[in-house]
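Given the coordinates of chain A, assemble chain B onto it according to the supplied hints.
These are the residues of each chain, in order.
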Amino acid sequence: MSQAWETVIGLETHVQLRTRSKMFCGCSTSFGAPPNTQVCPVCLGLPGALPVANGAAIGLAVRGALALGCTVHPKSIFARKNYFYPDLPKGYQISQFDQPLATQGSLSFLSPERGAVTATIVRLHLEEDAGKSIHDRFPKATAVDLNRSGVPLIEIVGGPDLRSPAEARAYLQTLKQLLEYIGISDCDMEKGSLRVDANVSIRRAGETALNTRTEVKNINAFSFVEKALGVERDRQIALVESGGSVSQQTMLYDAKESTVRPQRSKEESHDYRYFPEPDLPPLVLTPEFVAEQQSELPELPGQKRERFMAQYALSREHATVLTASRAVAEYYEHVVRAPAEPQSAANWVMTEALADAKDHQEQLRVSPAALAQIIALVKGGTLSNQAAKRVFAEVASKGGDPRTIAESLGLVLVADTNVLAAWVSDVLGAHAPEVGRYKNGETKLMAFFVGQVMRASKGKADPKLAQRVLEEKLSA
Amino acid sequence: MSVSRDEVLRIAQLAELDVDDDALPEIAEQMSRILDYVAQLSAIPTNGTVKTFVPGPDAMRFRPDEVAPSPLMFGPAQFAPAFKEGFFVVPKLGQFE
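In the order they appear, the protein sequences are chains A and B.
Residue 311 in my numbering sits at position 311 of the first sequence; the count goes up by one each step and never skips.
Residue 515 in my numbering sits at position 39 of the second sequence; the count goes up by one each step and never skips.
Chain A with its partners taken away, still in its complex shape (with noise of 0.2 Å):
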């Protein structure tokens, strides 16, 4: 990209709410049932069905908005978004318009280029799904399953405040930790709960006045983010370069072919008519409603970050991996309490703990209390780092105490100094040039005799006390 350009991007974040039932119907919002199963006069459009608001949605809305920083307003209104598609039954959607349930907060995220940034949050209202089209299922023609019709979403506007691709990917991946956190959704984009659009521009770096936008839609995985709107940003900047102008339109990403392509203007006639949904009162809420969702927020993610760094004196890389997922968060501070060294642990559920988690569904295999036990057997002497990572890989799989399994494979260190000077003595015996060289100065051979003696004893020599015993043969 040339200097000369800078980006301005700001995301349309559409979030499901993890519910058990649709926004203003009974139906079931579970995902994968056959299609069409899950749906009722409400969210099929029927005539004469009347929408009534699921609390829980509401409480989780009000959630993402306090977790956000944003001020809830005690009354907001849903209004009806007007257009024809066929995946929308009714000819409109029940969203909220110019009162919308929050707006003015904010989302600190580390941007790979200006570090810490905080980035504006516009708005959060509350809106239902729309059923769900697909083009490839029968020749010319297109399925429509409504089973998603009516499910629960948060659309979360951010404000013009990220400055290139890489920065986009950061918020996004700031944001769906923090919804994960605080438990509102489960954020899958492969499933559709997590859904972005991206408004872009380009401007001459220095400028602050912003300039004509697109929007950029279908990016439907979290690794497209980045390429899509790295691609967008590349077709402006050479549009502008060779004597063009951005015109205002809707673009939509095309994984395949790492394209944007302009939607086709029927597909963009956007005249919503908005206007206030007549089937539903104004949504009030009591302070007391909002301060009982306030009090079911847990520690969000960057301030656990900062606590573990103060309270375990970790460095903030550290903290950052470890406070990634609430769930690596927990277990880490189960093993600390086991108890366990802080910093050993962070190095443990860092390397062997989220190694293992990955090759087997995020799972965390190893209970706390059985890897605060592998950690004090190495600390203590009993296993190698090499030995208890067997110990860890057969706990994880099979399950049964440390000290046993270590045990019963015979990994546990040979600290009998008799065994270890038999040990030595071949090894010393076997490496006569060596043992020459060695007394003539060149004393870094030690690490050498060492790693012949792990040798000869299949790893299960001290390596601290083979070093002594080496020490005082050599010095005879």
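I should point out that these hints are in silico values taken from the structure, not numbers from a laboratory.
Bear in mind the structure is a predicted one, so any value in this text is a computation, not a measurement.
Backbone N, C-alpha and C define an ideal beta-carbon position, used for all residues, glycine too.
Among the clues, some could well be false.
Distance condition first, Cα-Cα at most 20 Å in a straight line; then the derived EDC-like pairs of lysine to aspartate or glutamate [as the list claims (entries may be wrong)]:
#1 Lys132(A) with Glu492(B)
#2 Lys140(A) with Glu561(B)
#3 Lys176(A) with Asp186(A)
#4 Lys304(A) with Glu330(A)
#5 Lys444(A) with Glu472(A)
#6 Lys90(A) with Asp271(A)
#7 Lys176(A) with Asp197(A)
#8 Lys560(B) with Glu472(A)
#9 Lys439(A) with Asp426(A)
#10 Lys464(A) with Asp426(A)
#11 Lys560(B) with Asp136(A)
#12 Lys217(A) with Asp254(A)
#13 Lys568(B) with Asp136(A)
#14 Lys81(A) with Glu561(B)
#15 Lys75(A) with Asp534(B)
#16 Lys568(B) with Glu472(A)
Under 8 Å between C-beta atoms, here's a sample of chain B residues computed to sit facing chain A [to be verified]:
#17 Ala504
#18 Gly524
#19 Met536
#20 Phe538
#21 Pro540
#22 Pro545
To give an idea of the interface, some chain A residues facing chain B are shown, with a C-beta separation under 10 Å as derived from the structure [claimed, not checked]:
#23 Leu178
#24 Leu280
#25 Leu285
Chain B only, in chain A's frame:
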């Protein structure tokens, strides 16, 4: 308030209606009259003294988050114009453009 010829064309395009050029002036005039009529509302003093009319209660009541769907008299396949393998089937979008 006057509606321009271009605005009529734009609205016709959004509504996917064909409008004869000859009819444009009359439609523009009619639409202007409608808007002028509605615009009389702005003459009413509403500075916080008149409460906006909302039908029904002042605040919505909440439903508990329980799966309890209202049953359909018969399944979607019975009333869908076209239905296949559990899906509603509609003409492919853009097919008629």
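Now for the hints, and whether the structure bears them out:
1. Lys132(A) with Glu492(B): 24 Å, violated
2. Lys140(A) with Glu561(B): Holds. Lys140(A) to Glu561(B) sits at ~16 Å (cutoff 20 Å).
3. Lys176(A) with Asp186(A): With a Cα-Cα distance of about 9 Å, the restraint between Lys176(A) and Asp186(A) holds, given a limit of 20 Å.
4. Lys304(A) with Glu330(A): 10 Å, holds
5. Lys444(A) with Glu472(A): 16 Å, holds
6. Lys90(A) with Asp271(A): Holds, at about 16 Å.
7. Lys176(A) with Asp197(A): The given pair, whose Cα atoms are some 15 Å apart, holds under the 20 Å limit.
8. Lys560(B) with Glu472(A): 84 Å, violated
9. Lys439(A) with Asp426(A): 18 Å, holds
10. Lys464(A) with Asp426(A): 18 Å, holds
11. Lys560(B) with Asp136(A): Given that 20 Å is the threshold and the Cα spacing comes to 14 Å, the pair holds.
12. Lys217(A) with Asp254(A): Given pair Lys217(A), Asp254(A) holds - Cα atoms ~10 Å apart, limit 20 Å.
13. Lys568(B) with Asp136(A): Holds: Lys568(B) and Asp136(A) sit about 9 Å apart, inside 20 Å.
14. Lys81(A) with Glu561(B): 30 Å, violated
15. Lys75(A) with Asp534(B): Holds: Lys75(A) and Asp534(B) sit about 10 Å apart, inside 20 Å.
16. Lys568(B) with Glu472(A): Violated. Lys568(B) to Glu472(A) sits at ~85 Å, over the 20 Å cutoff.
17. Ala504: With a closest approach of 18 Å, the Ala504(B) hint is violated.
18. Gly524: 14 Å, violated
19. Met536: 5 Å, holds
20. Phe538: 3 Å, holds
21. Pro540: 6 Å, holds
22. Pro545: Result: holds, 4 Å to nearest chain A Cβ.
23. Leu178: 22 Å, violated
24. Leu280: 6 Å, holds
25. Leu285: 9 Å, holds
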